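*Asks:* Use these hints to put chain L onto chain C, whose structure you have.
Sequences listed follow chains C and L, in order.
Counting from 1, one number per residue, gives the positions in the first sequence under the working numbering.
Counting from 641, one number per residue, gives the positions in the second sequence under the working numbering.
Calculated from the structure, these hints are not laboratory results.
Keep in mind the model is a prediction, meaning the values are calculated, not measured.
Virtual Cβ for every residue (Gly too), placed ideally from N, Cα, C.
Fair warning: there could be bad hints in the mix.
[Unchecked claim] Below 20 Å or equal to it, Euclidean Cα-Cα: the simulated SDA-like pairs (lysine to any residue) are:
id	chain 1	residue 1	chain 2	residue 2
1	C	Lys353	C	Ala307
2	L	Lys693	C	Gln25
3	L	Lys642	C	Gly388
4	C	Lys186	L	Lys693
5	L	Lys791	C	Ala137
6	L	Lys693	C	Thr548
7	C	Lys37	C	Pro460
[To be verified] What follows is a list of derived Cβ distance ranges for each label pair:
id	chain 1	residue 1	chain 2	residue 2	range
8	L	His860	C	Leu465	54 to 60 Å
9	L	Thr645	C	Leu535	32 to 38 Å
10	L	His860	C	Arg305	49 to 55 Å
11	L	Val793	C	Ala494	57 to 63 Å
12	L	Thr645	C	Arg321	45 to 51 Å
13	L	Ile881	C	Gly141	28 to 34 Å
14	L	Ile881	C	Pro13	30 to 36 Å
15	L	Val793	C	Gly365	30 to 36 Å
Spelled out from the first residue to the last, the chains are:
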Amino acid sequence: MTITLDSKVPEGPLADKWQNYIANQKLVNPSNKRKFKIIVVGTGLAGASAAATLGELGYQVEAFTFHDSPRRAHSIAAQGGINAAKNYQGDGDSIHRLFYDTIKGGDFRAREANVHRLAEVSVDIIDQMVAQGVPFAREYGGLLDNRSFGGAQVSRTFYARGQTGQQLLLGAYQQLARQIGLGNVKLWNRMEMVDVVNVDGRCAGIVTRDLMTGEFSSHSAHAVVLATGGYGNAFFLSTNAMACNVTGAWRAHRRGAAFANPCYTQIHPTCIPQADDFQSKLTLMSESLRNDGRIWVPKNPDETRPADQIPEEERDYYLERIYPSFGNLAPRDVSSRAAKRMVDAGQGVGPLKNGVYLDFAEAIGRLGESTIRERYGNLFDMYARITGENPYEVPMRIYPASHYTMGGLWVDYELQTTIPGLFAAGEANFSDHGANRLGASALMQGLSDGYFVLPYTIAPYLADLLNKPVPDTSHPEFAKVQQEATDRFKQYMAIGGTKTPDHFHRELGQIIWDYCGMDRNANGLEKALSEIPALHEEFKKDLRVTGTDTSVNQTLEKAGRVDDFFELGMLMCKDALNREESCGGHFRSEYQTEEGEAVRNDDDFAYVSAWEWTGDMGNPVEHKEPLEYEVVKFQTRSYK
Amino acid sequence: MKTLTNLTLKIWRQDGPDGQGRFETHQIPEISDEASFLEMLDILNERLIEEGKEAIVFDHDCREGICGTCSLMIDGRAHGPQKGAATCQLHMRTFDSGAEIVIEPWRAAAFPVIKDLMVDRSAFDRIVEVGGYITAPTGGAPDANLIPIPKPVADASMDAAACIGCGACVAACPNGAASLFTSAKLAHLNLLPQGQAERYKRAEAMVDKMDEHFGSCSNHGECQAACPKEISIDNIATMNIDYLKSKFKNRKALAR
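Chain C extracted, bound-state conformation (with noise of 0.2 Å):
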């Protein structure tokens, strides 16, 4: 399969693009949906809005997940809220200034046109989760209540306490529900997608896998979609959920789809510092906590006292310091990287002096216990469960860890990857935060994009289709990819080794954090591009996969994950390696100022770097897709 890369970017003014894109585009008419066949695989945000949104229009839709109901997937842990320009709090807040804002906060590596759509239709979002039933938080007079969240000066974040993402991704999966209880949507469940099947050029359907029975099937259809999630996971620690994975997204790269940006990734400033090696995953704390928590670290590296005997003098708010105008609402790579710098000059604090403080004294004497209560008590509950401290009596202790990946499936306008038939949604696509996500953004793009773009933008794809024939499982295409995924899991079944899989996904993990993390250079990244293929090669030879493969095997479950992950890890540190310049959550040690400031490099790198598979992992193939902004004006993002 030939890669190009055409965006499909509407005519017109940035402004009017996606208006005159809804008013010109092909229709699918009412009766004819029936005739179309859609999967969608996953059930976040993004997957369960886009089942439920095209069954309710009438498409025969299957719905995929691997868990053991669609209410699981890891949304449902996003905390802190949801971004929309409805301007209610009468800020200045406007779908330009929200555009922009993500443009900026992008570190300008997004498609312009994109996101501009994504802001437009962010308004939507509220009313239509309201409509729903999510109980956001209010006001006394019965209106709702905005908080403001890094990177941007209005306050535009909707939120239902600290459980946002548990809130939308319920009214979503209860839209899923009402379709599946009326026939609409079929659901599979503890169903593992496990690879695409393309016939003569299009995506034909899904292979998948039963985890129940370890039985492998396969499923036909008009149009597919992947909304699979991202692949944080890859570092091992992180903020994911731990059966998040890159298999469905990775498994269409390897069929065709291009792979955008993967060295793009997020770390999250203000996670719980790991406490031991046995830990198996990084817990965070919501950005909203810095709205009323400061951020500091003790000026001397050697200080031992307890937080609260060290005086006001003494202690470095660095961020106040570096950033006055926004503070301790910096944006995610920056706080972050000031977080690192701090720690890396021995002023951390916590047993392993691996953590700043979040400090919450000050808003406390402020506004009173009862109201951080209200505004936190449940991340406040979290926090004290898992370190056995109370944060209403010491500060915090946060550390950054992975969180969000942006890079992703490459997507058009249209959220069509390279392969014609198979679409990307929410986090498993790379379309719309550059290279930073700004907080209480991803809940927007992936409601956005399942609820508002793809029911949309599916249908000219489909309408092309109407009463043509299209493969079914009976082609030949189907048996042989079949064939290839059975043949892989018996495979890890049958190395019969010494280690288990998360042992290797842990080394795996350590080298993709130590190179390809919150900072990069060259010769890191080489020595990771040289390290990661040795332990691909003793996974594959020493890899031990215990119990049967025709019952609920996690082992082997995970086997499969951290195949996958290992042959994305080296195209980020390849992705990395290639972007000589520092950009959002990519920053490259050798491309920074003296003050340890990013340097961008907009003559020879404002582009979307996309790869395509050529069957050795070592060897992709980069294609570009330049960035032309017509509305935007590069510069240099500063939040001083």
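*Replies:* Same frame as chain C, now just chain L:
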């Protein structure tokens, strides 16, 4: 940080839905009190695989107490000894050296065991599918601030909406009833102005579906005690009132 020593785990193993279950005993010679309960099981599983044995199957995912995937009866209590927390939020500092800990799957007829500690909770989805939603097709929603909702109402709705669908309420209930789960969803939606149009239809459909799968509520209150989100049993009373009213207010019946 301190280290716990000499823990004995008695863990339920079952090869499949129809398999004969049994307890297996495993020793944990030492473990840090910073470890979470599930991390202890991870470590045990790593050891089992290294010994060539099959890892213990258990459901888990987010490990932050929000996805509702994890379960486990720990010493006979759903989600273990810590109040208001899911199993994944339980840390070893809650236990003492030398403890014997019994780990079983959810015990409820409506949640059949799939393997070891993993159960099938899809009956919950069936309840939501018949009415646990507000019908609001995508597009065409009015402005979000059109209907002011008093803060106490929004807060009460949110309290109920915090349910994570883990199934602890059912596992803790001597009757295997799902009243707390069902009533929490009903309270979430029925308290809001947006939920009024379908209020009684929703209550009737969800309660009827619940009764197909689960036992009857007899007000033991074990569900509330076990709930990791501390959902109030008051919701059950409201559900019962709405269900009763639905029999009078059922629009379909009235139209007949």
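*Asks:* Take the hints in turn and mark each one as holding or not.
*Replies:* Results of checking the hints against the structure:
no. : hint                               : in the structure
1   : Lys353(C) to Ala307(C)             : 13 Å, holds
2   : Lys693(L) to Gln25(C)              : 57 Å, violated
3   : Lys642(L) to Gly388(C)             : 12 Å, holds
4   : Lys186(C) to Lys693(L)             : 37 Å, violated
5   : Lys791(L) to Ala137(C)             : 8 Å, holds
6   : Lys693(L) to Thr548(C)             : 11 Å, holds
7   : Lys37(C) to Pro460(C)              : 14 Å, holds
8   : His860(L) to Leu465(C): 54 to 60 Å : 57 Å, holds
9   : Thr645(L) to Leu535(C): 32 to 38 Å : 34 Å, holds
10  : His860(L) to Arg305(C): 49 to 55 Å : 51 Å, holds
11  : Val793(L) to Ala494(C): 57 to 63 Å : 59 Å, holds
12  : Thr645(L) to Arg321(C): 45 to 51 Å : 46 Å, holds
13  : Ile881(L) to Gly141(C): 28 to 34 Å : 29 Å, holds
14  : Ile881(L) to Pro13(C): 30 to 36 Å  : 56 Å, violated
15  : Val793(L) to Gly365(C): 30 to 36 Å : 31 Å, holds
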